[in-house]
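Asker: With the hints as extra help, turn the sequences into a complete structure.
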Amino acid sequence: MKKAQDLNRREFLRRGAAALGAVAAVPAIVPATVFGANAPSNRITMGMIGMGLMMGGHFRSMLGRSDVQVLAVCDVDQRRRESSKAQAERAYADKMAGGQYKGCAAYLEYEELCARPDIDAVFVVTPDHWHALPSLAAIKAGKDVYCQKPMTLTIREGRLMSDACKQYGTIFQVGSQQRSEWAFRKASEIVRNGWIGKVHTIYARLGQFAPPRTLPEQPIPEAFDYDRWLGPTPWFPYNEERVKGNYGGGWRRFWEYGSRKNGDWGAHHFDIIQWALGMDDSGPVKFVPKGWNGYEYQTHYYADGTRVLRDHDTWGGHMIQFIGTDGEVMVSRGGRLDTDPVELAQKPLLPSETHLYNSNNHEGNWIDCIRTRKKTICDAEIGHRTATICHLSGIAERLGRPIHWDPVEEKILDDAAAARWYDRPRRAPYVL
Amino acid sequence: MRSKQNITTILGLMAVLVLGSVAWAQDTETLVRQLSGKAEAPARSGAQLVNAYQKAIDYLLPRMSAEDVESRYSYQIMFQDLGSHAARPGAEAERETLAKVIVNNLEQAEMPATVRHWFVLQLERIGKGEAVPALAKLLSSEDRHLADYARRALEKNPAENATATLLKALGTAQGSTWKIGLINSLGRRQAQDAIAPIAAALADPDPKVGAAAVTALAGIGGPESGRALVGELNKPVGPISLKAAQGLTDIAQELARQSNHADAAQIYEFLYVGATQKAQEDNAFNPFSIRAAALNGLAVSGPDKLAARMAEIIQDDDPKIRVVAVGAARLAPTKAPMQILCDMLLDLEPYEQIQVLGLIADRGDLSSTKYAKEALASDDEGVQLAAIDVLTRVGVDEGAELLMEVAINGRGATRRAAERGLALMAGPRVDEMITDQAASGDAKVRAVALGLLSKRRVPGATEALLGYASEGDEAIRSAAFDALVDVADLVDLETLAGLVAETKADSVRRSGIAALEAALAQASNKNSAAQIVINEIKTADADAKIALLSCLDAVGGPRALRAVVDATQASGEALRDAGIRTLSNWPDFAAAPTLLGIASKSETSLTHYVLALRGALRLIGTSDSASLDERARLCFVAFDCARRDDERRQAIAVMGSLPSPKVAERLLSLAREEDLKVEAALAAVELAGRSLRRDRQAARELAEKIRALNISDEVNRRADGIIRGRRR
Chain A
1 MKKAQDLNRR
11 EFLRRGAAAL
21 GAVAAVPAIV
31 PATVFGANAP
41 SNRITMGMIG
51 MGLMMGGHFR
61 SMLGRSDVQV
71 LAVCDVDQRR
81 RESSKAQAER
91 AYADKMAGGQ
101 YKGCAAYLEY
111 EELCARPDID
121 AVFVVTPDHW
131 HALPSLAAIK
141 AGKDVYCQKP
151 MTLTIREGRL
161 MSDACKQYGT
171 IFQVGSQQRS
181 EWAFRKASEI
191 VRNGWIGKVH
201 TIYARLGQFA
211 PPRTLPEQPI
221 PEAFDYDRWL
231 GPTPWFPYNE
241 ERVKGNYGGG
251 WRRFWEYGSR
261 KNGDWGAHHF
271 DIIQWALGMD
281 DSGPVKFVPK
291 GWNGYEYQTH
301 YYADGTRVLR
311 DHDTWGGHMI
321 QFIGTDGEVM
331 VSRGGRLDTD
341 PVELAQKPLL
351 PSETHLYNSN
361 NHEGNWIDCI
371 RTRKKTICDA
381 EIGHRTATIC
391 HLSGIAERLG
401 RPIHWDPVEE
411 KILDDAAAAR
421 WYDRPRRAPY
431 VL
Chain B
1 MRSKQNITTI
11 LGLMAVLVLG
21 SVAWAQDTET
31 LVRQLSGKAE
41 APARSGAQLV
51 NAYQKAIDYL
61 LPRMSAEDVE
71 SRYSYQIMFQ
81 DLGSHAARPG
91 AEAERETLAK
101 VIVNNLEQAE
111 MPATVRHWFV
121 LQLERIGKGE
131 AVPALAKLLS
141 SEDRHLADYA
151 RRALEKNPAE
161 NATATLLKAL
171 GTAQGSTWKI
181 GLINSLGRRQ
191 AQDAIAPIAA
201 ALADPDPKVG
211 AAAVTALAGI
221 GGPESGRALV
231 GELNKPVGPI
241 SLKAAQGLTD
251 IAQELARQSN
261 HADAAQIYEF
271 LYVGATQKAQ
281 EDNAFNPFSI
291 RAAALNGLAV
301 SGPDKLAARM
311 AEIIQDDDPK
321 IRVVAVGAAR
331 LAPTKAPMQI
341 LCDMLLDLEP
351 YEQIQVLGLI
361 ADRGDLSSTK
371 YAKEALASDD
381 EGVQLAAIDV
391 LTRVGVDEGA
401 ELLMEVAING
411 RGATRRAAER
421 GLALMAGPRV
431 DEMITDQAAS
441 GDAKVRAVAL
451 GLLSKRRVPG
461 ATEALLGYAS
471 EGDEAIRSAA
481 FDALVDVADL
491 VDLETLAGLV
501 AETKADSVRR
511 SGIAALEAAL
521 AQASNKNSAA
531 QIVINEIKTA
541 DADAKIALLS
551 CLDAVGGPRA
561 LRAVVDATQA
571 SGEALRDAGI
581 RTLSNWPDFA
591 AAPTLLGIAS
601 KSETSLTHYV
611 LALRGALRLI
621 GTSDSASLDE
631 RARLCFVAFD
641 CARRDDERRQ
651 AIAVMGSLPS
661 PKVAERLLSL
671 AREEDLKVEA
681 ALAAVELAGR
691 SLRRDRQAAR
701 ELAEKIRALN
711 ISDEVNRRAD
721 GIIRGRRR
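Those protein sequence lines, which keep their order, are chains A and B.
All residue numbers for the first sequence refer to our numbering, where the first residue is 1 and numbers rise by one.
All residue numbers for the second sequence refer to our numbering, where the first residue is 1 and numbers rise by one.
Treat the hints as calculated values from the structure; they're not laboratory data.
For clarity, every value in this text was computed on a predicted model and none was experimentally measured.
Careful, some of the hints might be misleading.
The calculated label-pair distances, taken between Cβ atoms and stated as ranges, are [as the list claims (entries may be wrong)]: (1) 291(A) with 713(B): 55 to 63 Å; (2) 93(B) with 244(A): 40 to 48 Å; (3) 221(A) with 50(B): 41 to 49 Å.
Below 27 Å or equal to it, Euclidean Cα-Cα: the simulated BS3-like pairs (lysine-lysine) are [unchecked claim]: (4) 335(B) with 375(A); (5) 38(B) with 375(A); (6) 156(B) with 411(A); (7) 375(A) with 128(B); (8) 504(B) with 444(B); (9) 335(B) with 373(B); (10) 411(A) with 286(A); (11) 38(B) with 290(A); (12) 38(B) with 286(A); (13) 375(A) with 538(B); (14) 411(A) with 128(B); (15) 538(B) with 526(B); (16) 347(A) with 526(B); (17) 156(B) with 286(A).
Every residue, glycine too, gets a C-beta built ideally from N, C-alpha and C.
Answerer: Dropping the structure here:
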């Protein structure tokens, strides 16, 4: 057997994990100092794909970590990738005695970034239609991946990504970060342990986007590779509104690039509901669109009859409300947790009860797991199952009729036209 | 006269035409609603259905093509809804009719390119055999976007002749992008007939075409595809070698999914051996990911084969492969690969030991305690912690005993981890062991056990702890009180308060007070809870009286407040001091007037004045139970009775959080005075920001007034922000 090359850099796993025993006992955020000396050879080397709005926080966070080194950025917008490269180099230069650093590359094509053997892990923070391709390329190149939510654009993408993670041993984190918030974990533990009896109804507030639009053609900005931005999706004429990355609309409004609010917020709230119900490897069986046959709310049903109503009013304006035979749990971001009976919120768990995965920092959990090679709190299978709910809700909405789903075989049942939506064909030359 | 008649006639005709057109539009909209399932539809014959769909398209097409592009959307969706409804289960005749009408219009009607794309997109969703010939023609369209729409529609088309159409197009395809699209579509259709032409594309000069061919072959699967990919691997390393290996792993994974593990394992072993050999032969080519995928696959499909190689793999020179070995053992359905790692545990590097121990913990193997026990003796703290995690999660009695030993005699992180583990572990006799150890024996052991009794909420723990809290040994009493904090919601307040009242030693009393405060904070009836403590105060000695009084801020409420206010007026200095200190920490607004009363008396000591005034300002600034007017009034009182600028500044800051016109006026007035103008101006700007959402006009006016005073750059900058509508 030949001597392995590049041992110094690879040694990060050895030294990092050895210093990380604490994580084994407490799967929470671990201060960087626990990893030992953060010499360059010990750092996790990172590539960042998609340098838009959502990447901002991740990027700054990674640049601030002494146990991580960002080696490359990638975006279809030349100005954006160049400014990100400059930002990274500035950040590292500020930390160096000489005040000079030129070690961050900028790529138009993620394929080039993924082909670099010196990059250990990547963030994929593109619009939804660009999650699967770079993630799969990174997985197959042996890298670990943090992919923003919802994990996919189609159900098939999720199945392939989850299978690929198992195949290649990838440490994969989906950006449904509510799992790493105390209140959502506690709410899920209350439900999972039966403290409010049998849950039968759940409300989830996702909000609404304005309808999609047909837009007049505009000239494509010079530094922007629009064809690549469209990627695998059908061709439509360029318009600034189509590609914008704002929270209130932009590409999020269009079915071509996501599942609208079902994908945008469903990827958070449906995810927590899956967790609380213990359905991380399964899912609902029926999806009914709003307006069908008198349904006032978009609804999906689990096999035991538990139903989830979208945008029903909740107590105290909470994001999610679980209603059980013996009580209720209401939970929102910012640590808001209300229960009926009230004492449930503070009631401690007994050793014999179900303790859910405890993470208090979503990115940190991923970094820790890269070292320990343990599962993340929201791995690819979980992300796929949640995204499937988002997609099936959207498909039912567009078809205007209920969809029946087999979560074991992962098939849309008894509706050939609906089954075509399991995946979308990809524009050439994009291949999944 | 005649001309007037003519005009009237023309106007009349125009009116009829306009009205007729509106009526037609209304009729057609109803028709569209019927055809998309949104209105009840009459039964229609085949010919009537054709006419109805055509009429609907005649109505929608010009609107989908309107000059005003944004107006097109709703008509596009109406068109899409026609398709969705027609393709519903049990309506095959409607689907086929609509698809034919769409084809007919595609071939005959004029429409903008983007609308034509939309038509083809509908065929992608509902088209079958009837759409194939038209889509075939579109494959050679000069509009290459349209051609690609057609290719995608064929990819989704369930008719067999769609495959033949795509294959024929591949035979004459030019340009890499187009070839890739066709190969991909054929792969997605899992077209067996396409294997040979796709395999031929593996040799395409453009590696991107070759890569697409690999993906397609992997998707089609089967021996023939597999042979084509193996053929690539038998050639010297080239641009698609890695891709071909990935394709083979996909084929093996599919075989495994179909429970054909023997064939899958054969492919994985072939890949592992081949990739390892390539890596040895060529330093520049390290197919790490293929080796990893092969090992993970082997774990699932051939765990014994993996076990046979495990000793060699865990000693591989590439540390990443050693990591993969542990991950692969995690996937294996049998214990054999893990067992090899366990047997080698002490020979491994500490980081590998940690990962193996993590594997043991995740698999929850009951026979693994002995390995964890060995690892506990390691010099490496990380390994010890991983061993503790194993014992915690495996949850056997022997593990609990080992953890207890560490919790008692260990240090630092390992001791804390052992305690945490004991608090969580679910072994069958763990509660019993802890209860026994709490009851008697060495004080150090008992102290640890007492903490665990409450953390685990062992049945009967609260009563037992109250009993231990009355023992003679101070260490045990302290430990019992400390433990009671964790079961404060269950404790009997009367007993606890009594125990605290009779405690003499300071350190033990501090623990007792902490427990009592925790219990009071959880009380649902504040007055009853307070009364229990007040009753004890009445009979307690001087020190205990003060200690008990100081607990009352944990419960609050009128009865406790009365007792504390009485204490602030006590003749004894120590009790009065305790009363004022407790009142300054009071949890509700009701204490604010009394605190201000204390602060405003000239005879109040400086210490008590500061405590009282700051306590009052805290309540004024944070309370949501009192009205804004009352809070503002008391804030002015606080400002006026302040002896020093420090407290005046604090009062001004609190004013900035009280959005009321009176406060705004007072701050403006203060901003015009020399002494505290900067603080007052900043508070006024803060106030304006808070008011912005509720009363934009008033907020801007206040900001403008402050701006006009031109107090400082910082104040001006913030005021400008408010004037522009920004809160900060």
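Asker: Could you run down the list of hints and mark each one as holding or not?
Answerer: Each hint tested on the structure:
{"no.": "1", "hint": "291(A) with 713(B): 55 to 63 Å", "verdict": "holds, 57 Å"}
{"no.": "2", "hint": "93(B) with 244(A): 40 to 48 Å", "verdict": "holds, 43 Å"}
{"no.": "3", "hint": "221(A) with 50(B): 41 to 49 Å", "verdict": "holds, 46 Å"}
{"no.": "4", "hint": "335(B) with 375(A)", "verdict": "holds, 19 Å"}
{"no.": "5", "hint": "38(B) with 375(A)", "verdict": "violated, 47 Å"}
{"no.": "6", "hint": "156(B) with 411(A)", "verdict": "holds, 16 Å"}
{"no.": "7", "hint": "375(A) with 128(B)", "verdict": "violated, 44 Å"}
{"no.": "8", "hint": "504(B) with 444(B)", "verdict": "holds, 22 Å"}
{"no.": "9", "hint": "335(B) with 373(B)", "verdict": "holds, 19 Å"}
{"no.": "10", "hint": "411(A) with 286(A)", "verdict": "holds, 12 Å"}
{"no.": "11", "hint": "38(B) with 290(A)", "verdict": "holds, 13 Å"}
{"no.": "12", "hint": "38(B) with 286(A)", "verdict": "holds, 21 Å"}
{"no.": "13", "hint": "375(A) with 538(B)", "verdict": "violated, 58 Å"}
{"no.": "14", "hint": "411(A) with 128(B)", "verdict": "holds, 20 Å"}
{"no.": "15", "hint": "538(B) with 526(B)", "verdict": "holds, 18 Å"}
{"no.": "16", "hint": "347(A) with 526(B)", "verdict": "holds, 19 Å"}
{"no.": "17", "hint": "156(B) with 286(A)", "verdict": "holds, 24 Å"}
Taken one by one, the earlier hints fail for this structure at numbers 5, 7 and 13, listed in ascending order.
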